[in-house]
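Enquirer: What follows is the residue order along each chain.
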Amino acid sequence: MPDPRGRRISRLSGVSQGILSRVLTGSLDWHTIAASISYLIRGGEGVRLRTRPLLPGVVAVALLAMCSTACTLKNSGEPTGGRAPASARAGGGSAVLADGSATKVALVPGGAHPYFQPWKTAGAKAKKTYRLGDVRFDETAEWDQQKQNNLLSTLAARGYNAFGVFGVSPTDVNTTFADLKSQGLAVASLGSCPAGKKNEADFCLSTDVELAAYKAAKAAIDAMGGKGRLVHLTSNNVDANTQLRIKGVARAVEESGGKVRLLQTVTDIDKDLQTAQKAVSDLLTAKGNQIQGIVSTAYNPAVAAADAVRSSGSRAKVVAIDDDAKILSSISQGTVTATVVQNPVGQAEVGAWALALLQTEQCAMRDPGQSIDSGSFVVTKQNLTTYDRARKAKTAQLKKRFADDVLACG
Amino acid sequence: MTAPVAPPGGDTRSDRPTPARPAHRLPFRADQRLGLLVLVVGLGALFGVVRPTFLDARLVLFPLFRDVSTLTVVALAQMVVLSVGHMNLAVGRMAAFGALFAGLGYDRLGLPLPLGLLLCLCAGAAIGALTGWIITRTGVSSFVVTLAMDFALLGLVSLLYSALTENAAFTTKPSGLAELRSYSLADICVGPVCGSPVIPQLAQFTVLALLGLGFLYGATRIGRELLLTGANPAAAELSGIPTGRRVVLAHTLSGLLAALAGFMAAVGTGTFRASIGDDFMLPSFLGSVLGGTLLTGGVVSVVGALLGTALVGVIRKGLELLGVGLESLNIYLGCVLLLALSADRVRTVVSHRKVVRST
Numbered sequence: 001m002p003d004p005r006g007r008r009i010s011r012l013s014g015v016s017q018g019i020l021s022r023v024l025t026g027s028l029d030w031h032t033i034a035a036s037i038s039y040l041i042r043g044g045e046g047v048r049l050r051t052r053p054l055l056p057g058v059v060a061v062a063l064l065a066m067c068s069t070a071c072t073l074k075n076s077g078e079p080t081g082g083r084a085p086a087s088a089r090a091g092g093g094s095a096v097l098a099d100g101s102a103t104k105v106a107l108v109p110g111g112a113h114p115y116f117q118p119w120k121t122a123g124a125k126a127k128k129t130y131r132l133g134d135v136r137f138d139e140t141a142e143w144d145q146q147k148q149n150n151l152l153s154t155l156a157a158r159g160y161n162a163f164g165v166f167g168v169s170p171t172d173v174n175t176t177f178a179d180l181k182s183q184g185l186a187v188a189s190l191g192s193c194p195a196g197k198k199n200e201a202d203f204c205l206s207t208d209v210e211l212a213a214y215k216a217a218k219a220a221i222d223a224m225g226g227k228g229r230l231v232h233l234t235s236n237n238v239d240a241n242t243q244l245r246i247k248g249v250a251r252a253v254e255e256s257g258g259k260v261r262l263l264q265t266v267t268d269i270d271k272d273l274q275t276a277q278k279a280v281s282d283l284l285t286a287k288g289n290q291i292q293g294i295v296s297t298a299y300n301p302a303v304a305a306a307d308a309v310r311s312s313g314s315r316a317k318v319v320a321i322d323d324d325a326k327i328l329s330s331i332s333q334g335t336v337t338a339t340v341v342q343n344p345v346g347q348a349e350v351g352a353w354a355l356a357l358l359q360t361e362q363c364a365m366r367d368p369g370q371s372i373d374s375g376s377f378v379v380t381k382q383n384l385t386t387y388d389r390a391r392k393a394k395t396a397q398l399k400k401r402f403a404d405d406v407l408a409c410g
Numbered sequence: 001m002t003a004p005v006a007p008p009g010g011d012t013r014s015d016r017p018t019p020a021r022p023a024h025r026l027p028f029r030a031d032q033r034l035g036l037l038v039l040v041v042g043l044g045a046l047f048g049v050v051r052p053t054f055l056d057a058r059l060v061l062f063p064l065f066r067d068v069s070t071l072t073v074v075a076l077a078q079m080v081v082l083s084v085g086h087m088n089l090a091v092g093r094m095a096a097f098g099a100l101f102a103g104l105g106y107d108r109l110g111l112p113l114p115l116g117l118l119l120c121l122c123a124g125a126a127i128g129a130l131t132g133w134i135i136t137r138t139g140v141s142s143f144v145v146t147l148a149m150d151f152a153l154l155g156l157v158s159l160l161y162s163a164l165t166e167n168a169a170f171t172t173k174p175s176g177l178a179e180l181r182s183y184s185l186a187d188i189c190v191g192p193v194c195g196s197p198v199i200p201q202l203a204q205f206t207v208l209a210l211l212g213l214g215f216l217y218g219a220t221r222i223g224r225e226l227l228l229t230g231a232n233p234a235a236a237e238l239s240g241i242p243t244g245r246r247v248v249l250a251h252t253l254s255g256l257l258a259a260l261a262g263f264m265a266a267v268g269t270g271t272f273r274a275s276i277g278d279d280f281m282l283p284s285f286l287g288s289v290l291g292g293t294l295l296t297g298g299v300v301s302v303v304g305a306l307l308g309t310a311l312v313g314v315i316r317k318g319l320e321l322l323g324v325g326l327e328s329l330n331i332y333l334g335c336v337l338l339l340a341l342s343a344d345r346v347r348t349v350v351s352h353r354k355v356v357r358s359t
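Line by line, the protein sequences are chains P and H.
Numbered according to our numbering, the first sequence spans residues 1 to 410.
Numbered according to our numbering, the second sequence spans residues 1 to 359.
Treat the hints loosely; a few may be bogus.
With a Cα cut of at most 25 Å, we get these calculated BS3-like pairs of lysine-lysine [stated by the list, open to error]:
(1) H/Lys-173 with P/Lys-147
(2) P/Lys-381 with P/Lys-120
(3) H/Lys-173 with P/Lys-181
(4) H/Lys-173 with P/Lys-197
(5) P/Lys-181 with P/Lys-197
(6) H/Lys-354 with P/Lys-198
(7) P/Lys-392 with P/Lys-128
(8) P/Lys-247 with P/Lys-198
(9) P/Lys-197 with P/Lys-215
(10) P/Lys-227 with P/Lys-215
Since the hints were made in silico from the structure, they are not lab data.
Computed from a predicted model, the values in this text were never measured in an experiment.
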């Protein structure tokens, strides 16, 4: 190939002109090309061709061997999953757990979040109180439904037979629950209910998020004197629960009859505290003087709003969520007007107990898939010291409700 | 099925008309993918001995294989663009974008399962092609363009889900979806003999993708041209390879595979939602690079993507079974990966030295 262009190509690509001509005519086999490429990448260092069909062959044989050794015969090893639904027996039985030593409860949140920390201690307490086989708190789902599904099946393989789950994706979690139920396990949806009307779990014990958001917005509107502009800070927009929170706040705003205007709903800022802090400080810088009230229905924005209002000296009334120490101290100082606290302790404690009753088949659900509100409380400066008592009373009341109305015990 | 390039050995004979049998061939055991296969099987056996429940077909192996199937397709989606020396940071959002169209097809148009999948693949391929076209037309690096695409799709997908659905997810399930999710080869029988309950039927898509890409890179001219484009774009261009079109092709294939992975992830969890693919980017690089694909382009390993993904999956599952908590899970995962790959490197170096010594 006397063509100078060919020589240039050959020099650039680091292969001989002979190879180049074969590449161009398509007459070159692929592993010579691969060698040439490697030659290029390694700066001209020599490379060696190798036996190509061997490895895919080995992989194929390994897969085939695995498949063939694991082949099953029809009807030979059908798993015996699927507990027959226990018939709802008439009440009158005892809801006192007879023997929970064979019940191993796993409390699985969607991922690490301060909200779930009380589950850990409440679960440990329930294990002691009801003498359960084990109560495990596992937060390794990392906010991914697929990872959570894998984690749940792994826990089931490890012998856990009762599950209290906060589903990552409310629209998907019913599939997860149905899977667990088909393996004869007791399942509760704790902290959040599946989206839609159907619940495949035995029961759902969670905060009524729409109601809690409504209460929070109402408290904010009251603090604003019933008029002005309100901002709503919340979590992931593409989450069914966030949509409910937005509805709850919108309902409270509507009820003001036009006196209160929802200035903005800021979503997707509950990822971590830094994200929330940045979003809140941006908001206050841009529209600080227009805002009379801030209602936060997510944890991180609530903490961020409490901080930002204090440091910026804004006169906006803040209603937060949950009882982080920072929020509580802000309430006592007056920079945060109120907070709506939920009842995670009750969810874990009553959830673990009810799951044990269901798992031991001592009780059955009267109405499978029923949703029960675990309670939400507006905390202001006035009831700052006493709200925990109300929450404990609600937990006791929940337990009574389960024994009387929700469970049917033989 | 792969485009294997052995680790550096003796001198190349590539300038001869027919490559003669090299004098000092690297032994078969020096192949990186063989090392990965040994690691995957070895770690699987180790976990199986320490925790016999690791070998539980229904609760452990089936979900593990289903996960590996999906993430392998994600790794392949990344591998295809890596082959031309590019990267696709929008791989997760392209998955979400594809899944959005599948969900839309099932929910609004009432499409049957295969047609929805087709729509999903077309959407993925289209967005991939658009990305590739922008890269070739503007000459901006793939890193920047796909990053921009990631942001654009993040907004667009969320917006469309919020506008079209009540709960930010399409919950309509076409017939066959639940079966595709939970059936394994045990549900396919020839006479009285059925397949393994461990291999999910969802893996058929992964096998198809593996075979397709294996054929593309191993036996076709276009595959060779993709690799040459990645290895040295200038040389490829001067050799008469339409590098622009090859780049568009690579991104189109990447979008298509990402959409397939999005579909598989949606089938795996139950609904078509915006958060699909959120966690795809890291596994996409992990699987392909562990498997031997070069970040600089020009070298791919299709089987390696499967093995790399399987290695991470097995380690994670094993650690979960050992009851490792969140604080330590990722530390252990990192340590085990580092150890596994160091062992692999040591093995390669030892094999290489043996060859050198024998010369």
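Enquirer: Are the hints correct? Go through all of them and say.
Expert: Verification of the hints:
1. Our distance criterion of 25 Å between C-alpha atoms is met by H/Lys-173 and P/Lys-147, whose separation comes to about 21 Å.
2. Distance hint between P/Lys-381 and P/Lys-120 is unfulfilled; the C-alpha atoms sit about 28 Å from each other, more than 25 Å.
3. Between H/Lys-173 and P/Lys-181, the direct Cα distance comes to roughly 20 Å. Compliance with the 25 Å bound is thereby established for this hinted pair.
4. With a CA separation close to 16 Å, the supplied pair H/Lys-173 and P/Lys-197 stays within the 25 Å bound.
5. Proposed proximity of P/Lys-181 and P/Lys-197 is supported: the alpha carbons are some 18 Å apart, at most 25 Å.
6. At roughly 65 Å between alpha-carbon atoms, H/Lys-354 and P/Lys-198 are farther apart than 25 Å, so this suggested pair is violated.
7. This hinted pair checks out: P/Lys-392 and P/Lys-128 have alpha carbons roughly 18 Å apart, not beyond 25 Å.
8. Straight-line distance between C-alpha atoms of P/Lys-247 and P/Lys-198 comes to about 20 Å, which keeps the hinted pair within the 25 Å bound.
9. Taking the CA atoms of P/Lys-197 and P/Lys-215, the gap is about 23 Å. The hint holds against a cut of 25 Å.
10. Using a Cα cut-off of 25 Å, the hinted pair P/Lys-227 and P/Lys-215 holds, with the two alpha carbons roughly 16 Å apart.
Consistency with the previously given hints fails for numbers 2, 6, ordered from lowest to highest.
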